[in-house]
Amino acid sequence: MVRPPVDLSVNVGGLALRYPTLMGSGCYGTGAEFAPFADLSRIGAIVLKSATLAPRLGNAMPRLVHTPAGLLNAIGLQNPGIDWLVEHEIAALGGMPCPIVGSAAGFSVDEYAQVCGRLDASPEISAIELNISCPNVASEGETFACDANLTASVVRAARAATRKPLIVKLSPNVTDIAAIAREAERAGADALAVVNTVRGMAIDVERWEPRLGNVAGGLSGPAIRPIAVLAVYEVARAVRIPIVGQGGIANASDALEFILAGASAVGIGTANFLDPRVPERIAVELAEYLASRNLRAISEIVGRANAGFATPEQREGDAG
Amino acid sequence: MAVSASRVHETRVVARIEATAGVVVLRMQAPELAAIARPGQFVMAIPPGEASAAVALGLYDADAESVSLLFFVAGKRTKVLAALRPGEPLVLLGPLGNGFDLRDAPKDVAIVAGGVGIASVLLAALELLRAGARVRLFYGARTARLLVERERFASAGCEIVLATDDGTAGLRGFVTDALASAHMPALILACGPTPMLRATATIAASANVPAQLALEETFACGVGGCWGCVVPLVQESAQAPHFPKTRDGIVRARICAEGPVFSASELRW
Ligand SMILES: Cc1cc2nc3c(=O)[nH]c(=O)nc-3n(C[C@H](O)[C@H](O)[C@H](O)COP(=O)(O)O)c2cc1C
Ligand code: FES
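Those sequence lines, one after another, are chains B and E.
Counting in my numbering, the final residue of the first sequence is number 320, and the numbers go up one at a time with none missing.
Counting in my numbering, the final residue of the second sequence is number 269, and the numbers go up one at a time with none missing.
Among the hints, a few may not be true.
[Stated by the list, open to error] Chain B regions said to be covered by chain E (calculated; three or more residues, Cβ under 8 Å):
#1 24-34
#2 53-63
#3 224-237
These are computed hints drawn from the structure, not numbers from a lab.
A virtual CB, placed ideally from N, CA and C, is assigned to each residue, including glycine.
So that you can see chain B by itself, here it is in the shape it has in the complex (with noise of 0.2 Å):
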């Protein structure tokens, strides 16, 4: 029996994709450095490291540590600058087989202004990731992601200096992340990315010192997917924008628990580590999965497992 082909494809925000993955910021460099263990037409996008206005050296040595189930990392924003970036790294990714995804980071409202405006300007850059959520550089890197009025003037100064699909990624370090979702959408936001990592450290016993010259870090891969779930879970719930999902996910079957949750396209960061062709044999495996089930297309069992979420077909009356 000829199955017809499944489609895979998703609109996350205005942002079309062929595939619904994108590659983790920071985990991926510009995608020139995985192009010789992957096929980057197989993916659906690749967000860059977030960058900010001025350079910046990063955090002191180690920045990594592998725990039982992931990563700990404290990179701290390492990188030369939006305009360096611009100028010599972004320019060269045009002809990417994929869409890229900016990503901005910053210390203020006015920094993340224009960070986001000159990654508008450049014409290689398909979609805008704010990346309010860092929570590896020292002061205040995370705390707009954990503060509501924050977050919505943040998201409020981005959404004025750009027309492309914008999405802002969210913390799972807070209370109530339904809440800020909530703000980010009312702010302007075409797409949220939940989460980026969870808070943590780790301490060598026999130096009696933390192993990261940072202290704190960010915890990633498969350790953090069920904190994940739930704040895709809850976050569908609160908003009407598409959600990226992401933690942890390192097959088809994490990448459907984070659909069926409410995301409409998942986020793949740290398992790219173990192998940079787990991305494509995702997208194969959802193919499979959905025909096997006589389903046609990703989105419709996208927020299947939660009730409290209806689909974007739902919403606009149409069920088909």
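Mind docking chain E with the ligands on chain B? Use the hints.
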């Protein structure tokens, strides 16, 4: 059809030797990798099962058909790799990193290796010996039992100077103490723990001998994508030409991408 990614090697284990308890040499059938691997480069080995990251391992040995990896069993991921048996598959990504620069290498070279650092220097020794150089291996470990693969280096033609922390083989103390009191070579290559590399750099600087140091660090991606493995270099370093100018004249380069081999004189650690 998916375009097959060019640096992914689906290999098969052809031999497994336990050099000593807890130190394993795995040989894989991997002709394409063997054909392009250069001394000092490394691979990311994907442990089968539920691991959350691949393992960076130096390319220890190679012939026309196969490559060998030498590693110490240190955690969950290396334990899984150590359990592999001949016939079983293993995926390797690589070769990665810059490797040693042996072009126009002089005829008198010292190689300094500490512990698992031995895994990254054999191919360099072999290439230098083939070119007719005198190669002295200064090899240190905690104890004699851990000075694995000495015969491999000796039979290839290396002169070997040993050092152990407990004095069970060779000099009691640091291998760099042995280097410091030896006749100076025209080039030093080194791989091992950071204190050993620092000491090597100091000796090289005071004797005005060029040194290439292969740095060891925890990697996540191993391919330059995450910036988790940086080391400070002088701004003018030939290894960081594409880095923007910084006010303090120092750039932080990725050990996995710009390295793992750095010229000792360009490191600012
Ligand atoms: C090494 C590393 C660096 C990261 N850098 C960034 C970053 O610069 N900006 C950002 O928004 N998220 C960053 N993240 C978070 C990831 O994009 C992702 O949201 C998170 O790791 C959870 O997904 P995962 O478990 O699939 O990795 C980083 C994660 C890791 C592991
Ligand atoms: S380990 Fe990721 S950049 Fe080196």
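Comparing the hints with the structure gives:
Chain E is given as covering the segment 24-34 of chain B, and this holds because 6 residues of the stretch bring a CB closer than 8 Å to a CB of that chain, at least three being needed. Remark: the segment 53-63 of chain B is confirmed as covered by chain E, as 6 of its residues place a Cβ nearer than 8 Å to a Cβ of that chain, reaching the required three. Only residues whose beta carbon comes within less than 8 Å of a beta carbon in chain E count, and the segment 224-237 of chain B has 0; fewer than three means the coverage is violated.
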